[in-house]
Structure formats: structure tokens, C-alpha cells
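Listed in order, the protein sequences are those of chains A and B.
Sequential numbering of the first sequence, starting at 1, is according to the working numbering.
Sequential numbering of the second sequence, starting at 1001, is according to the working numbering.
Don't take each hint at face value.
As the list claims (entries may be wrong) - Keeping only pairs whose Cα atoms sit at most 30 Å apart, straight-line, the calculated DSSO-like set for lysine-lysine is: (1) B:K1248 with A:K61; (2) B:K1149 with A:K13; (3) B:K1082 with A:K63; (4) B:K1149 with A:K19; (5) A:K104 with A:K61; (6) B:K1085 with A:K98; (7) B:K1085 with A:K61; (8) B:K1253 with A:K23; (9) A:K66 with A:K232.
To be verified - Label pairs and their calculated CB-CB ranges: (10) B:N1084 with A:K63: 15 to 25 Å; (11) A:H113 with B:R1006: 24 to 34 Å; (12) A:N122 with B:Y1160: 40 to 50 Å; (13) B:L1244 with A:A172: 39 to 49 Å; (14) B:I1249 with A:K98: 43 to 53 Å; (15) A:A172 with B:T1124: 38 to 48 Å; (16) B:I1237 with A:R101: 32 to 42 Å.
What the hints assert, rightly or not - Reference excerpt, derived from the structure (chain B facing chain A, CB under 10 Å, subset only): (17) K1014; (18) F1072; (19) L1076; (20) P1080; (21) K1085; (22) Q1175; (23) N1252; (24) K1253; (25) D1254.
Hint data in this document are derived by calculation from the structure and do not stem from the laboratory.
No residue lacks a Cβ here, since even glycine has one placed at the ideal position from N, Cα and C.
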Amino acid sequence: MIEIKGISKRFGKLLVLNKVTLKCIRGECIALIGPNGCGKTTLIKSILGMVLPDDGEILFKGKSIKQDFVYRSEIGYMPQIGRYPENMTIGQVIEMIKNIRQHKGSYDEILYHQFILPEMLNKRMSTLSGGTRQKVSAVLAFLFNPDVLILDEPTAGLDPLATEALKDKIIAEKQKGRLIIITSHQLSELDDLISQIVFMNEGQIVFHKTVDALKEETGELRISKAITKILKSRMV
Amino acid sequence: MSRIIRFIILDILKNRIVLVYTILLAAFAWSAFSLEDNSSKGTLTLLNIILLIVPLVSILFSTIYIYNSVEFIELLVSQPIKRNKIWISLFVGLSLSFVIAFLMGVGIPLFVFADTNIAIMMTTIGCIITLVFIAIAFLSSILSRDKAKGIGISISLWLYFALLFDGLVLFLLFQLAEYPIEKMMVFLTATSPIDLARILILLQLDVSALMGYTGAIFKDYFGSTLGLLVAFLLLLIWVIVPFLFSLKIFKNKDL
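Isolated chain B (complex conformation) (with noise of 0.2 Å):
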């Protein structure tokens, strides 16, 4: 399997854009750090690239390099080899590219600026995000054989989670005032990966006033370190179920 993850790392770099995402992240990160006179300031411009940005980048790099590599997985399924393993070493592949991307972009000046503590818990957060968005990416191509249609879920899906959600749960606030709705927000959050993250970084920040309704009530529904908790599960289940679902169909494909 080391083979096959070593032969997908080596072609996704000759492709040079992973350097490029690494040379902007470290431009944002640093340059975000150096212009603001206090660095909880350059922590939150580096908040908003964590949940935009590597969302994005993530999610449509790895769809279109499935995409791609459609002749590769074609000839490899003809070889000795499980399926499994093909499907699991791009994956690996992948999101070992991109955490080290992020590791040296955005992990590097936030060791160097921000406090231990926080800088721990945004390079963790940032990695688990980028996973989370690969293992979609995944599961959005596996689902459409065509490629426009496949790249086009995936940036819905972004769309979806990166800003569309937001609208959805203060539309369903206003409308909902009179009700008690707080349990229903808490399981709204876990429905998206990018509100997750957010709650988990701005309880570490200590920041409640951007919070945002959905933060705030988590903190309140679980205290901060129980929330802490299960935010992370949570996380963790958005990378592996659809990650786990794209590779059920991937063993049952015909090819």
C-alpha cells in the first residue's frame, strides 16, 4: 500500500499546485500576523481562512485529481491488488499532501505568533477540516461517473456548508423565536463540519461575542469541555462516514 501512496504523493507534487496552496496559505498567515498590532486579531483574519479557504481548495483539488486519476485506478484494478487498498492509498495520498500543506502554510506562523494553546488547537482543527473535505470530495465523485456533475456537488457542497448554512439557521431562528428551539440548533450544528470547527476554535479563543447563536448555545448546552468533546467526535464522523460510504460503492464498481 506504501507503494501506491508513494506514487500519488510523487504525482501530486509534480502538479505543483499543492506548492502553490502552500506558498499562498504561508502569504495569508504571515502577512495577517505582521499587519495586525495583536495577534488574537491575526488568529481570527487566520479563522476565516480555515473556514473558507481550505474548505475550498481541498474539496475541488481532490475531486478533480479523482477525476483524473480515473485511468490510474482503471489500470491498478486489473492488477493484484485489493480494491480497498487503491481507494484508501488515494485517500492517504491526498490528505497527507494536503495537511502537510497546511502544516507548513498555516501551522509554521501560528507556533511562531499565537499561543501554544490556540495555535495546538487551530493546526488540529485546520487538518481535520482539510480531511473532512477530501473524505467529501470523495464521496461526491464516486457518486457521478461524469465529471462536470461530480465537481459540480462538490462545490455545492461547499456552498452549502461554507455559507449557505449560516443563512439556514438564522432564517430558522427568526422564524422559530417563540419556541424553544436550543436542542434543535445544537443538532443543526453537527449537521455541518464548518460550524463545528468554528464553535471548537472560538471556545478555545474565548471570544463569545463571535460566536454566533449556534456557538453560544453549545457552550451553554455543554459546558466547555464536554462540548469540546463531542464537537471533536463529531468532527471525526464527518471525515469517516463519508469516507466509509464512497469506498462501499468504490468495492462494488464497475469499472
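Next comes chain A alone, as it looks inside the complex (with noise of 0.2 Å):
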């Protein structure tokens, strides 16, 4: 579904991605790990189309997203931090969203409701804390039923019901069909969701294997421990 050809990226000196090559087929469910600053965030950005790579292509259902937008209507993009005009509510915001996207098929309102938002729309986008934000970033992109969500640090500030909640809409959206691409530190939280790992270091993919492949190789039934496993027999 996405097919990503060995795009690079610089910023100044810095070689954040490196000829970078991935697929990401419908169904899966990726989990995309690594140290801070590997290039997790700007490769995510890549596919948005919101960081232009230097080199290389990437491909959306089989067309280059290099000068196209359209594409972007079957993705649900939560961004790691959310930014969103601070003198605007939150209904306002939905609202903007909503008009600006003009979504033509049902809404997916279930996560709107299970944060109870409803009675939130007024509070301006200022006063919020940072896991209301992480939720207002999380209602959005599930709201437009997308055929890919990209979630980037989801869980990280939400409580733990919220983050059951996404857990179980992100589990839900992957029955569906759904692509998911999701980047977090948190292992054990990622367990009974993913179905693939990608491992980046320094802008590069250092492996990209199944969970369960994972699993047999290292002998561990948890992925956090397999993880870690497999990171130290590399450092020796």
C-alpha cells in the first residue's frame, strides 16, 4: 500500500534518513522503533508529504506522492506533539476539520465519545493539557474512517483509560483491514497489537521482520524482551 524507495533526507549536515527502503502492506499492523533522532518522526513526515526528501520516491497505492495531495484523504495522521491554533476550541477546530476535509462518507465518532469530548468543545485549544491534546489529535485521525493510520507516539500523555480506548480502536481499525503504522518507546504497551517491527538506527533500517518471526528467532514470547535480546547480540 506504501512503498517506500531509498529516500534520503539531510537537514544542514545531519543525514536523518538514509536511503531508507520499506513496504507497508494492508492488514499490517508496523510498529516503527529506535533511539530518539533515528528518523522515525521525519520518515512519518515523508509519507505526509510534510518533509520533501532529497532523494528517492515514495509511493501510495501504486502512484508517487511527489506533487500530488489528494492521497492524503485516506490517511489519519496523529502527530507526536499536537499544534493546533491555540485561539480556536476544540469544537471549532473538529469543525474546521471536518469542513476543510469534506469527508464524504460516515463520521467514526467513537473515540470522540469514548473521551467524552462533547462536553469539552468549548475549552480553547490554549488551555488544554497534553494528553486533551493527544486525544483531540487522536479523535481526528480516526475520524475520517482512513484506509492508513499513522500514529505517532500515541499513547504517550494519555491515562490509562484513554489509552485503553486507543488500544482497542487501533486493534478494531486493524480487523478492518486497515493499515496502521504506529511509533512508540513504550514495548510492552505495543504487544497485543502489532504484527510487524521495523528498527531504525542513525536513518537507516537495521531489520524489519513479523512479530512472530521475531518471537521464534529469539526464543522470548514478549516483544520488549525479544527487542532487547536481539540489540545486545548486535552490540557484541
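Bring the two chains, given one by one in their own frames, into a single complex with the hints.
So this is what it looks like as C-alpha cells:
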């Protein structure tokens, strides 16, 4: 569904992405993990067209995303730090995005109600806590029934109740055959969600494996342990 | 696109600064005309407002507004919208708000008190000058990610065009008085939108004594009608070029 072909990106002297090649198929739930500053967010932003790679190309459903923007109507994006116009209220932001996207089908308002947003519609974005902002981002990402969901650190800052609701939602979407890409540092949270793991370091993909293969290789049952085992064996 | 423009205009109206600007302009304009006994003196007072205050407010407010819209822009870029559309909508939204403010504040009293010809000329020029400085604000705010730096660039550009440029012209004039520098002076004038605006209005008002050196040469060089057209075109170029340049940078910017 999404094919990344050898993209590179440089910010000044720093090579953030170094010839990254990756194939993401429908129905998979891919975890993008790696140390801070390894290029995860840059990779995600390249898929969204927010960062323009210096080299290589990205195909969305077989078509290059360069000079295209329509494909973004099939992506729900939840940013790491949701930044919204500070003087707008939650209700106005949601209305505005609905208005701009001109979505034809039905809205998916499950998270909207689970996060009890209807009671907070009049709150200004500038008064919101980090967690509530995350909730707004999550609601916007799922609202338009997108085929692809890109979630950058979705659970950071959410309370346990909201985290559970979000995880259930992600599993439900996965079962509908959508492609889900998640970055996260909390490996333990990913256990029952993901089907593939992409490990990045210093702008390159170190490995891309299915969870089953990873568990088999390492003989561990938990993803977090399996990954630490692999990393340790590589260090030696 | 019109939906985004509507959001921007509503947002600017909520901000109230544009309303205050309209009221201040109106206060200036009405008092200028009612304090002077003949309308041409009032027109000259208004000319100074158009040449100094309108550019300053347009460039400063626009620069700050663009920096404050960073979140809004980021939010829209991840949505299915063309990047061009976002930047153009921002420009149209800001321009419409300021042009309407100018028309309400200065345009109405001009048409009430001054000759129709002069009123038409001055409102047109005032609107174009507004657009020029908004376009320059777009350019200076895309050149730097740092807000303080961007506002600094904008203020420096205003200072240069509004105040320093005339000094520079005078300096060159005295230094090079023995050489035939008329053509160079005409060329120099084209590099300052405020000077162009001043010449356009003064050619219309027919007060050559006030025109300053560059204006006199301009009139001499082009003759009234042709000079008018050329100056008009140059002013429009001052709107289009900075904006297109900023649009090109915005299209390739990483957010």
C-alpha cells in the first residue's frame, strides 16, 4: 500500500534518513521503533508530504506522492505533539477539519464519545493539557475512516483509561484490514497490537521482521524482551 | 480554498487589531479633512499616512500573523490540501482584511472630501501599497524560522523603504551631481515601492514642487500618462514577485 524507495533526507549536515526502503502492506500493524533522533518522525512526515525527501520516492497505492495531495484524504495522522491554532476551541478545530476535508462517507465518532469530548467543545486549545490535546489528535486521526493510520507516539501523555480505549480502537481498525503504522518507545504496550516491527537506527532500517519471526528467533514471548535480546547480540 | 480564506478572515476579525486600525485610519482621515480649510492640504496629510503608516501596519501585522499561524499551517499541510492553496489563502485572507480596512478608513473620507479623480487614484495606490507590504511580509517570514528575526527583517525593510531610501537618493544626488544620472535615478525609484506610490499620487495631484528629485525626473522622463502606467506596473511587480518567491520557498519547505 505504501512503498518507500530509497529515500534520503539531510537537515544541514545531519543525514536524518539514509536510503530508507520499506514496504507496508494492507492489514498490517507496523511498529516503527528506534532510539531518539533515529529518523522515525522524519520518515512519517515524508510519507505525509510534510518533509520533502532529497532523494528517492514514495508510492501510495502505486502512485508517486510527489506533487500529489489527494492521497492524504486516505490517511489519518496523529502527530507526536499536536499543534493547533491556540485561540480556537476544540469544537471549532474539529468543525474546521471536517469542513476542509469534505469527507463523503460517515464519520467514525467512537473515540470522540469515549474521550468525552462533547463536554469540552468550548474549551480553547491554549488551555488544554497535553493529554487532552493527544485526545483531540486521536479523534481527528480516526474521524474520517481512513485506510491508513499513522500514529506518532499515540499513547504518550494519555491516562490509562484513554490508552486502553485507543488500543482497542487500533485493534478494531486492524481487523478491518487497514494499514497502521505506530511509533512508540513503550514496547510493552505494543504486545497485543502489532504484527511487524521495523527497527531504525541513525537514519537506516536495521531490520524489518514479523513479530512471529522475531519471537521464534529469540525464543522470547514478549516483544520488549525479544528486541533487547537482539540489540544486545548486535552490540557484542 | 474559499473555506480556508473564510477561516482566516474570521480569525483576523476575532483579533480586533484590524478593527482598531480601521478606526484609527478613519480618525486620521476625517480630522485631516475637517481641520484644513482646503481639501488638497488634507489630501497631502493623507498621502503621508498612506506612505508611512499603512506600510508599517500591513508589514508588521502580517509578519506576526504568519508566525502565529505556524500551527494552523502545519495542521493543514497534513490534510488533503495543496500546499499552494494554503499559502495563497493566507495571502488572500490577510490582503482582503487590510484592503477592506483601508477602504473603510481612508477610502470613504477621500471620496467625500477630495476630487473623484484624486480619490480613485489614492485609494487604488493605498490598496496596492498594502498588498506590496503584505507580500514583503510573506517573504521575510518564510526566510527565517525565528520569529524575532523575521519581525526584525520586516521592520528593517520598512525603515529602508520609508525613511532610508530617500536619504540614499539625496546622498547619491549630491555625490554625483556632476554626472548625468537621470536614468539611474529613474531606475533607483523603481526599487522602492513607497517612492513609486508617491510619484503616482503626486503626478495626479500636479504639485511638482513637492515631488522631490526622483519624481521630477520621472515626470520629465516618461511624461505624465506613460509614467503613470510604468509606475503602476512596477508597483504590481512589487506585489507579485515577493509573493511568488515566498510561495516557491513554501512549496519546498519542511514542516
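Hints, verified against the model:
1. A C-alpha spacing of about 28 Å is found between K1248 of chain B and K61 of chain A, which places the hinted pair at or below 30 Å, so the restraint holds.
2. About 22 Å separates the Cα atoms of K1149 of chain B and K13 of chain A, which keeps this hinted pair within 30 Å; it holds.
3. With a C-alpha separation of about 17 Å, the suggested pairing of K1082 of chain B with K63 of chain A holds against the 30 Å cut-off.
4. Taking the CA atoms of K1149 of chain B and K19 of chain A, the gap is about 34 Å. The hint is violated against a cut of 30 Å.
5. For the hint linking K104 of chain A to K61 of chain A, the alpha-carbon distance of about 20 Å falls within 30 Å, and the restraint holds.
6. About 17 Å separates the Cα atoms of K1085 of chain B and K98 of chain A, which keeps this hinted pair within 30 Å; it holds.
7. With a CA separation close to 24 Å, the supplied pair K1085 of chain B and K61 of chain A stays within the 30 Å bound.
8. For the proposed pair K1253 of chain B and K23 of chain A, the alpha carbon gap of about 26 Å is at most 30 Å, so the pair holds.
9. A threshold of 30 Å between alpha carbons decides the hint, and for K66 of chain A with K232 of chain A the separation of about 39 Å lies outside it, so the pair is violated.
10. For the pair N1084 of chain B and K63 of chain A, the supplied restraint of 15 to 25 Å holds, since their beta-carbon distance comes to about 19 Å.
11. Checked against the hint of 24 to 34 Å, the C-beta distance between H113 of chain A and R1006 of chain B comes to roughly 29 Å, which is consistent with it.
12. Look at N122 of chain A against Y1160 of chain B: about 46 Å separates their beta carbons, and that is inside 40 to 50 Å.
13. About 47 Å separates the C-beta atoms of L1244 of chain B and A172 of chain A, a value consistent with the hinted range of 39 to 49 Å.
14. At roughly 30 Å, the beta-carbon separation of I1249 of chain B and K98 of chain A lies outside the given 43 to 53 Å, and the hint is violated.
15. At about 60 Å, the beta-carbon gap between A172 of chain A and T1124 of chain B misses the expected band of 38 to 48 Å.
16. Distance hint check: the CB atoms of I1237 of chain B and R101 of chain A are about 37 Å apart, consistent with the given range 32 to 42 Å.
17. A hinted interface residue such as K1014 of chain B counts as satisfied when its beta carbon comes closer than 10 Å to some beta carbon of chain A; here the least separation is about 7 Å, so the hint holds.
18. With a least beta-carbon distance of about 5 Å to chain A, the hint placing F1072 of chain B at the interface is held under the 10 Å criterion.
19. This hint holds: L1076 of chain B has a C-beta 7 Å from the nearest C-beta of chain A, less than the 10 Å allowed.
20. Hint on P1080 of chain B holds. Least Cβ distance to chain A is approximately 4 Å, under the 10 Å limit.
21. Annotation: interface hint on K1085 of chain B holds; nearest CB of chain A at approximately 9 Å, less than 10 Å.
22. Interface restraint check for Q1175 of chain B: the shortest CB-CB distance to chain A comes to about 43 Å, outside 10 Å, so the restraint is violated.
23. Checking N1252 of chain B against chain A by beta carbon gives a least distance of about 6 Å; that is within 10 Å, so the hint holds.
24. Contact between K1253 of chain B and chain A, as hinted, is supported at the beta carbon level, the nearest pair being about 8 Å apart and thus within 10 Å.
25. Hint status for D1254 of chain B relative to chain A: holds, with the closest Cβ pair at about 4 Å, below 10 Å.
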